[in-house]
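Input sequences plus hints: build the corresponding full structure.
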Amino acid sequence: MKLKANKKQSPIKNKAVKAIGNISRRSFFKYMGTGVATYIAWSDVFVASAIQANDKHSTFPDQELISSWIHISPTGDITVFTGKVEIGQNIRTSLSQVVAEELFVAPEAINMIMGDTALTPYDRGTYGSLTTLQISPILRMAAANLREILVEEAQKTWGIKSSSLTLSDGMVIDPSSNKRLAYGDLVKDKQLLRKVNKNVKTIAPEEWKVAGHSIPKINGRDFITGNHRYVSDMVLPGMVFGKVLRPPAYGAKLLFADTSEAEKIPGVNVVKEGDFIGVTAADTLTAAIALASIESSWDRSPPVQRSELFEHLVNTAAEKKVVSKGLVDAYDQGDVKLDKSFEVDYIAHVPLETRAGLASWENGYLEVWAGTQRPFGLHEDLQKTFDLPVDSIRVYVPDTGSGYGGKQTSEVGVEAARLAKHVGKPVKVCWTREEEFKWAYFRPAGVIQVRASLSDGEISSWEFHNFNSGSAGIDFPYKGGKKHLEFHRSSSPLRQGSYRALSSTANVFAMESIVNDLAISLGEDPLRFRLRNLENSRLKAVVKAAAQAFGWERQKSKDNIGYGMACGTVKGGYVATFVEVEVEKNSRKLIVREVVTAFECGVIINPRHLESQVIGCVLQGLGGALFEAVDFKDGNLTNASLASYRVPRFKDVPKMKVILLNRADLPSSGAGEAPIVCIAPALRNAIHDASGIKLYKLPMLPSGIVPDNA
Amino acid sequence: MKLRVNNKEYSVEVANNPSLLEVLRDKLDLTGTKYGCGEGACGACKVLVNGIPTPSCITPVTSVSGKKVITIEGLAENGELHPVQKVFLEEDVFQCSYCAPGMVITAAALLKKQPDASTQDLIDGLNGNICRCCTYPAIINALKKIIQKEGEQ
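Protein sequence lines, in the order shown, are assigned to chains D and B.
Quick note: the first sequence uses the working numbering, first residue 3, plus one each step.
Quick note: the second sequence uses the working numbering, first residue 36, plus one each step.
Some clues are possibly wrong.
[To be verified] In silico negatives: residues of chain B with every beta carbon more than 12 Å from chain D:
id : residue
1  : Lys-37
2  : Ser-46
3  : Arg-60
4  : Thr-66
5  : Val-84
6  : Thr-106
7  : Ala-111
8  : Gln-130
9  : Asp-151
10 : Ile-182
[As the list claims (entries may be wrong)] Here are the simulated PhoX-like pairs of lysine-lysine, each with C-alpha atoms no more than 20 Å apart in a straight line:
id : chain 1 : residue 1 : chain 2 : residue 2
11 : D       : Lys-657   : B       : Lys-179
12 : B       : Lys-179   : D       : Lys-653
13 : B       : Lys-62    : D       : Lys-427
14 : D       : Lys-158   : D       : Lys-192
15 : D       : Lys-657   : B       : Lys-180
[Unchecked claim] Short, incomplete list of chain D residues facing chain B, as computed with Cβ under 8 Å:
id : residue
16 : Ile-89
17 : Ile-151
18 : Gly-618
It should be emphasised that the hints constitute simulated quantities derived from the structure, not laboratory data.
We put the CB at the ideal spot given by N, CA and C, even for glycine.
Take a look at the structure:
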């Protein structure tokens with residue numbers, strides 16, 4: 003095999019394959035050979051949510067663009083094409099399940115082609131919990147349409163009109179005569195491409211036999227044996243390893259570089275293009291040595307220091323909107339008033355697989371493999387960077403070593419392509435852990451100011467300002483009172499971007515802390531106060547489920563134990579988290595004793611994998627809640643390593659319980675984000691319950707010790 | 036120098052004193068062993084050196100001369116997965132799975148040494164391995180199943 007990569011990675015070998023984001027009916031079977039296929043266009047479904055008006059791409063058509071399609075070949079192979087990527091959320095499995103369900107085959111029978119810009123339809127990216135919400139129903143519908151076509155073809159072949167045909171294990175069966183035909187035989191010599199008819203019925207979740215069940219990760223064995231090739235593992239013939247010279251601090255400009263020593267090393271190539279300096283060598287170590295032997299000097303501008311961060315975010319914010327007089331009056335007349343400020347540090351995604359890119363040029367055709375959540379975004383970056391036609395590039399994303407919102411950009415793919423262009427060989431660039439920390443981007447830091455009041459035991463005003471971290475999750479799900487919700491853009495000293503649930507974590511932290519404090523100031527049980535004031539029945543349902551599983555009413559075994567809770571809704575997911583903590587008497591060390599989370603996101607496609615998403619969110623959220631923070635000084639990160647930046651480990655895992663509420667009557671939403679938002683406020687409220695200390699900063703306890711005054 | 040990996044002998048260049056990880060990945064194309072941090076802090080690069088789980092990223096290749104190195108690719112015997120691999124598959128523990136090879140290697144060595152490991156032993160023994168998807172509870176539960184089975188036999 004030429005390319006050391008994964009099976010099923012390149013089903014179409016023909017180099018002449020063009021980007022077919024804009025495939026036409028006429029051209030379709032040039033790619034696919036004969037067979038039968040169904041497709042669905044973005045304009046048919048979810049246009050409003052899928053393609054934002056301000057996000058039109060000139061290079062890829064959008065409105066009539068095919069969103070996904072499914073093809074059955076004369077050999078009976080079922081192939082699904084989607085631009086989404088697998089980054090550990092296990093959508094390769096869940097999407098296979100919904101297609102397999104409609105087509106009466108095993109999920110392993112589905113060949114899922116994902117995130118390949120030469121083969122799959124245009125897709126904005128895998129983020130925002132949108133795959134399950136958007137692509138899953140599209141694929142169900144497309145598969146149900148394929149099923150209808152197969153039945154029609156069988157009826158034609160047998161010359162019958164019977165509507166009693168059944169399907170099983172890749173065959174259409176006539177129970178009356180016991181005749182059967184395999185899907186492949188039914189599509190032989192046909193070239194049928196049909197747009198999806200939305201009136202075709204999909205199988206109701208109550209009748210699901212494959213979807214809705216805990217099917218194991220579809221290519222799990224490849225990962226457990228080390229056979230799967232992540233981009234960082236891929237090898238091309240003649241490939242060399244690349245490294246890129248980085249500035250010593252953010253914003254530093256290159257003044258001078260002497261690369262002569264690097265150039266003397268046998269087998270090393272030095273690439274200079276403007277401020278870009280990179281090296282290639284036959285192995286990682288030689289490339290690292292070559293890079294280290296470059297002498298460079300830089301112009302450094304005085305940056306914002308961490309100690310000034312929160313002040314800076316507030317001071318550089320856009321001017322506040324006027325708060326209505328009604329709200330000001332309501333606040334002034336409140337019986338209980340709270341006016342508090344919260345601070346949230348930058349945190350890093352720390353995907354275990356650092357960014358990697360592999361690039362190869364052949365006769366002006368550029369192929370790039372990269373671990374990114376946005377293959378088409380990288381495709382566009384490459385087009386712009388190298389001034390190439392859209393169909394001279396192919397970006398491919400093999401199943402990737404996680405992202406958590408951190409791999410939406412792919413600088414590493416562009417770096418590999420640039421080096422490969424200069425040295426005339428395939429180049430692989432794998433970022434070091436230090437580069438991953440320093441040169442990716444962070445979850446935004448933020449300041450949140452809340453003013454809230456109660457009047458006669460009811461919430462009478464709610465004024466909420468988020469500086470810099472974002473508007474996601476800012477909505478207030480409780481009833482009553484005047485509301486003012488505002489997000490202020492600020493100038494961020496560090497590069498920031500998407501992260502699992504983004505600002506919802508910060509906003510729900512501040513919101514659920516204040517709501518809890520309001521309840522306590524009334525002398526009311528925080529659970530009762532919430533249930534009395536929550537408006538959404540789905541949110542109430544998860545609160546009740548978690549409260550019951552936790553045993554909110556149970557006696558505390560010691561007086562230094564505290565219970566806390568929080569709830570929230572993000573992107574169609576409803577979550578409540580209840581925790582028990584202990585603050586050790588003398589040391590004041592925090593011990594998280596138990597975490598119970600209830601989650602609901604519509605009908606469940608794979609319970610086991612949903613549980614993984616919820617547990618993953620809660621535990622990852624525990625890091626940002628208690629101890630994760632990016633530290634920086636003089637424009638440089640001071641904890642850019644896994645020894646100094648602490649992430650949750652086995653020893654941080656408390657006793658955990660997850661309750662999944664299945665709503666077969668509701669469509670599925672994504673689950674990779676919402677369950678992260680409640681762990682921080684639930685912990686904060688439990689710490690208060692145990693110790694009387696109220697905390698207003700994320701992370702709350704970098705040292706693990708609860709202060710005795712705050 | 037001569038290097039013995041997965042019961043096969045290799046002859047490798049040791050100029051500039053490369054790490055075992057660099058040799059495994061760049062020279063022998065054994066890419067199942069992963070780079071995670073470069074400082075022995077995450078467990079992604081662990082291999083067995085004479086049966087002991089060892090972070091290959093901070094292990095100079097010259098230091099394993101004459102020793103037996105087993106990587107994730109060499110753990111299955113005669114095509115039969117190691118019990119730890121089997122139980123991780125059966126229990127469907129992983130998400131992105133990038134940590135899986137290092138987890139398997141570490142857990143396999145741990146259970147060989149302590150077939151009746153307690154939950155706390157598992158946590159202590161695996162604490163050097165990071166799973167950023169945080170599948171930790173599923174990993175522990177899966178390993179407990181092996182220990183239970185052993186105990187019943």
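Item checked: Pairwise hint evaluation, Lys-653(D) against Lys-179(B), where the allowed Cα distance is 20 Å at most -> 16 Å, holds
Notebook entry, point to check: Is the Cβ of Ser-46(B) farther than 12 Å from every Cβ of chain D?
Noted result: Non-interface label on Ser-46(B) holds, nearest chain D Cβ at 16 Å vs cutoff 12 Å.
Item checked: Minimum Cβ-Cβ distance from Ala-111(B) to chain D exceeds 12 Å -> At roughly 7 Å from the nearest Cβ of chain D, Ala-111(B) sits no farther out than 12 Å, so the non-interface label is violated.
Notebook entry, point to check: Holds or violated: is the Cβ of Val-84(B) farther than 12 Å from all Cβ atoms of chain D?
Noted result: Nearest chain D Cβ is 17 Å from Val-84(B), so the label holds.
Note to self: Given a cut of 8 Å on the nearest C-beta pair, is the interface hint for Ile-89(D) held or broken against chain B?
What the structure shows: 6 Å, holds
Checklist line | 20 Å Cα cutoff - pair Lys-657(D), Lys-179(B) | finding: Within the cut-off at roughly 15 Å; holds.
Notebook entry, point to check: Beyond 12 Å from every Cβ of chain D: is that where the Cβ of Thr-66(B) lies?
Noted result: Non-interface label on Thr-66(B) violated, nearest chain D Cβ at 4 Å vs cutoff 12 Å.
Note to self: Gly-618(D) was flagged as interface toward chain B. Is the shortest Cβ-Cβ separation under 8 Å?
What the structure shows: 5 Å, holds
Checklist line | Whether Gln-130(B) stays farther than 12 Å from all C-beta atoms of chain D, as the label says | finding: Since the minimum Cβ distance to chain D is about 4 Å, Gln-130(B) lies within 12 Å and the statement is violated.
Checklist line | Interface-negative label, Arg-60(B) against chain D, beta-carbon threshold 12 Å | finding: 8 Å, violated
Item checked: Hint check: 8 Å Cβ-Cβ cutoff, Ile-151(D) to chain B -> At about 33 Å, which exceeds the 8 Å cut-off, the nearest Cβ of chain B leaves the hint on Ile-151(D) violated.
Check: Hey, does Asp-151(B) actually stay past 12 Å from chain D on C-beta?
Finding: 19 Å, holds
The structure fails to meet hints 3, 4, 6, 7, 8 and 17 from the earlier list, while all remaining hints are met.
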